[in-house]
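Protein chains in written order, with our numbering: chain F, 1 to 99; chain C, 100 to 598.
If you are wondering where the hints come from, they were derived from the structure by calculation, not from laboratory data.
Yeah, the Cβ is synthetic: ideal placement off N, Cα and C, and Gly gets one too.
Incorrect hints may have been included.
Stated by the list, open to error - A few chain C residues facing chain F, derived, Cβ under 10 Å:
| id | residue |
| --- | --- |
| 1 | Ala205 |
| 2 | Ser209 |
| 3 | Val408 |
| 4 | Asn416 |
| 5 | Thr430 |
| 6 | Thr445 |
| 7 | Tyr476 |
| 8 | Lys515 |
| 9 | Pro519 |
This is what each chain is made of:
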Amino acid sequence: MAERFTRDDVTAIAALANLELDDAELDLFARQLGDILTYAEEVQRIDTTGVPPTASAVTGHVADRGDVERPGLDRDAALANAPDPAREAGLFRVPRVLG
Amino acid sequence: MTIATAIDIRDAVRSGRQTARESCQQTLDRIAAVDPLLHAFNTVVGERALARADAMDRDRGRWRDAPLLGVPVALKDNLCTRGVRTTASSKMLETYVPPHDATAVARLESAGAIVVGKTNCDEFAMGSSNENSAFGPVRNPWATERIPGGSSGGSAAAVAAGVVPIALGSDTGGSIRQPAAMTGVVGLKPTYGRVSRFGLIAFASSLDQIGPLTRRARDAAAALGAMAGLDPADATSAPREVPDYESALTGDIRGLRVGVPRRMMAAGVDPGVAHAFATAIDALAARGARVVDIELPHAPHAIATYYLVATAEASSNLARFDGVRYGFRATGDGSAPPTDLRTMYTRSRGRGFGAEVKRRIMLGTYVLSAGYYDAYYLKAQQVRTLILRDYDRAFETADVVAMPTSPMAAFRLGEKSSDPLQMYLADIFTVSANLAGLPAISVPCGFTNADTAQGGVGLPVGLQLTGRLFDEATLLRAADAYERDTEWWRHTPPVATPR
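Just need the whole structure built from these sequences, with the hints factored in.
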């Protein structure tokens with residue numbers, strides 16, 4: 001069951017991933033993602049009946065921290081790397097959301 | 100003559116034979132001499148390093164017992180450094196200056212190490228050749244028309260070229276071990292949870308681990324000892340006591356059971372790599388190790404499993420780069436800037452990320468999407484369990500598992516970059532340790548002589564040993580014992596001259 005990606009499929013995935021791709025990338029990724037997933041389909045031939053999934057190899061331990069107040073990141077430091085900070089207001093500025 | 104190790108430098112500074120400033124200045128001079136050729140560094144912090152060295156030299160009493168006193172170190176550029184640009188070799192973070200230090204970095208500095216710079220890598224640590232850096236590739240010190248491996252290629256090249264005795268890397272599917280093998284140095288990926296990931300720019304959070312690249316196993320032991328242990332800032336760091344790794348280096352590996360998964364290596368391994376590996380196994384046996392055959396039946400599926408799991412996690416982790424709080428934001432580029440929020444997001448990400456990062460975000464987004472989750476992501480997580488069980492079974496009859504680190508030596512720049520799947524397949528021997536959370540080390544074990552165009556020098560080959568959870572001590576002991584019987588670590592690439 002080889003997966004075939006059309007440009008429309010790639011466009012749909014790109015929309016989910018919030019990625020703007022150009023025409024060349026749409027063609028390239030359609031081919032490459034198809035190749036990679038065709039290879040990755042080998043996992044579907046493995047019998048995993050009754051096998052629990054492993055999300056992480058972390059060894060079980062309690063990692064909760066105390067529910068106590070701690071200083072957070074200083075506002076100026078938080079804004080220091082912002083592409084368009086509104087420092088006086090203490091805000092990140094973005095293009096308008098509503099038309 | 101050999102290049103000074105971290106321990107040599109520490110002892111020299113401690114005894115007063117050398118100042119921390121002299122140690123640092125030597126490294127800075129080496130960077131100036133070789134980095135135009137290698138491009139191992141994204142950022143060099145000479146003044147900061149010398150100021151820190153001077154502070155140590157002024158206050159020798161306070162620093163006398165520091166285990167890495169005056170030792171210059173380089174950091175992969177995906178490790179956050181407070182006040183020092185941290186780019187992950189991405190246009191997305193080209194100007195990013197973190198407000199915090201990674202815990203591993205802070206601990207190395209507390210141990211007396213001096214950060215001299217940030218090393219080039221594959222963008223967001225995604226790659227096996229270092230060709231995915233937004234700032235250009237790193238070159239292999241042994242043959243500069245070849246890749247140094249990846250993704251920690253700059254760290255590996257810097258150590259191989261004798262610039263620094265210790266560099267930190269991160270390893271999600273082999274990104275410490277594979278470049279270590281390809282540049283002829285030691286690379287250690289600790290157990291998942293052994294070293295805090297706080298301040299490591301996340302790629303795949305269930306697989307990522309920080310570790311050292313060094314010329315000698317003993318330096319790796321010293322670096323790991325300085326970094327390891329519980330960190331309240333990383334909930335996945337393990338509340339386990341950190342052993343004295345240096346004292347584990349007894350040279351005694353009598354009776355150590357070395358498991359070799361022969362069936363897995365039956366095909367697809369370069370003959371020069373296979374020969375070096377077989378000779379290395381003989382050397383371990385000659386020192387008293389017992390070689391046993393083992394099976395890892397699901398290991399051949401590790402690459403497919405890895406690229407499903409890792410890309411899924413990456414697509415989630417990299418969602419944070421949206422051009423709002425930090426990082427690149429697409430502006431006009433001559434045309435009008437994005438006037439709505441969504442276009443600002445998609446264009447910033449489309450232009451801020453390179454091709455391989457976008458490819459992996461796309462793949463991860465797809466395998467997590469409705470209708471495909473069970474067939475790909477859930478299935479991969481189940482196979483991950485089977486791979487884990489394979490290792491559990493192997494460790495019933497073996498104490499360590501031995502494989503070549505990479506099925507091939509360093510390839511030429513551009514040789515594989517047009518076919519991502521071929522590039523992924525080269526990770527066959529490294530990815531399963533990440534999926535299982537196990538510690539693994541790569542040690543130089545010889546050279547291929549296949550390419551006579553290299554003037555008979557050949558290219559470095561790595562021996563990989565994988566151990567039980569939290570049993571880095573056994574890996575380091577075996578690696579150190581192997582070094583005592585071999586002289587591969589003495590070899591230096593053409594660009595390296597003694598410190």
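Find the hints from earlier in the document that the structure breaks and name them by number, from lowest to highest. 1, 2, 4 and 8
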